[in-house]
Amino acid sequence: ETGVTQSPTHLIKTRGQQVTLRCSSQSGHNTVSWYQQALGQGPQFIFQYYREEENGRGNFPPRFSGLQFPNYSSELNVNALELDDSALYLCASSPWTRNEQYFGPGTRLTVT
Amino acid sequence: AQTVTQSQPEMSVQEAETVTLSCTYDTSENNYYLFWYKQPPSRQMILVIRQEAYKQQNATENRFSVNFQKAAKSFSLKISDSQLGDTAMYFCAFMNPGANSKLTFGKGITLSVRP
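Chain order of the listed sequences is A and B.
Numbers 1 to 112, taken from the numbering used here, label the letters of the first sequence in order.
Numbers 1 to 115, taken from the numbering used here, label the letters of the second sequence in order.
The set of hints was computed from the structure by calculation and includes no laboratory data.
What you are looking at is a predicted structure, and each value in this text was computed from that prediction instead of being measured.
Glycine included, each C-beta is placed from N, C-alpha and C at the ideal position.
Careful, some of the hints might be misleading.
[As the list claims (entries may be wrong)] Incomplete in silico selection of chain B near chain A, CB under 7 Å: (1) P40; (2) R43; (3) M45; (4) F64; (5) P97; (6) K107.
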C-alpha cells in the first residue's frame, strides 16, 4: 500500500511569485487536507477536499487555493507569495468513513 | 472554537524509562476524537494513537498509552520503555468529526531520549 506522497520536497521562491504543491493520497483515501506548519509550531489547517469539492477552510486568505482530481490527488496553489508563507506544507489523506489522517513528508517552501 | 494546549516545550528521558507528555484541550462538543502524532527530524507526521471521546477505556498501542480524562479535558501520552527512536516532536490534536474533520494541533513538545 503506497502512502501519501508530496512533491517537490523543497523549493525556493521569490516574494510575489506563485507556487503549486502536489499531493498523492494514500490508496483508498478520498479526502485530502492541507496544513501549514511554521517553524517550531503545530500545523494549521488550510482546507480540505472531498470528492473534488472544498469541504472546509481554515483562516487563510483566498490566495491559498486548491484542487482535487478524480484520482483524489490534490494541489495547493499559493499566489502572490509573502515572506510569512515560508513553512512546511503538509498534506494528509483519509478515508471518508474513518476519522484518521495520514500525512505525507511535506514540502518545505522558502520565500525570499 | 477548539484549542489544544501543550504547556511543556521540552522533555528528556533516559532510555528504557517511562515518560508522560501532557495535553489539555477546550471544547463545547461532546463527540470528538483526540490524537497524538509524532514528528521526527525527517518531518513525516506519524499517527501514534487515537482516542474516541465516547469511549471510557484509554487507548493503548504497544508501548504507547493515553490517560483520557474527559471531565478535566486532559489527554496525556505515556511512553513506556523509551527508545532512542522515540526522539521527536509530539503533537496533541483534536478533531470534531462534524466540522470537516480538520485537526487542531497543539504547539508540540520536543522529546529527547538519552542513551
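We went through each hint and held it up to the structure:
Interface hint status for B/P40: violated, as the beta-carbon distance to the closest one in chain A is roughly 11 Å, over 7 Å. At about 5 Å, the closest approach between the beta carbon of B/R43 and any beta carbon in chain A falls short of 7 Å, and the interface hint on this residue holds. Restraint check, B/M45 versus chain A: the minimum CB separation of about 4 Å is within 7 Å; hint holds. The beta carbon of B/F64 is not positioned within 7 Å of any beta carbon in chain A (closest approach about 15 Å), and the interface hint is therefore violated.
At about 5 Å, the closest approach between the beta carbon of B/P97 and any beta carbon in chain A falls short of 7 Å, and the interface hint on this residue holds. The interface hint given for B/K107 holds, since its Cβ lies 5 Å from the closest Cβ of chain A, which is under the 7 Å cut-off.
In this structure, the hints that do not hold are numbers 1 and 4, in rising order.
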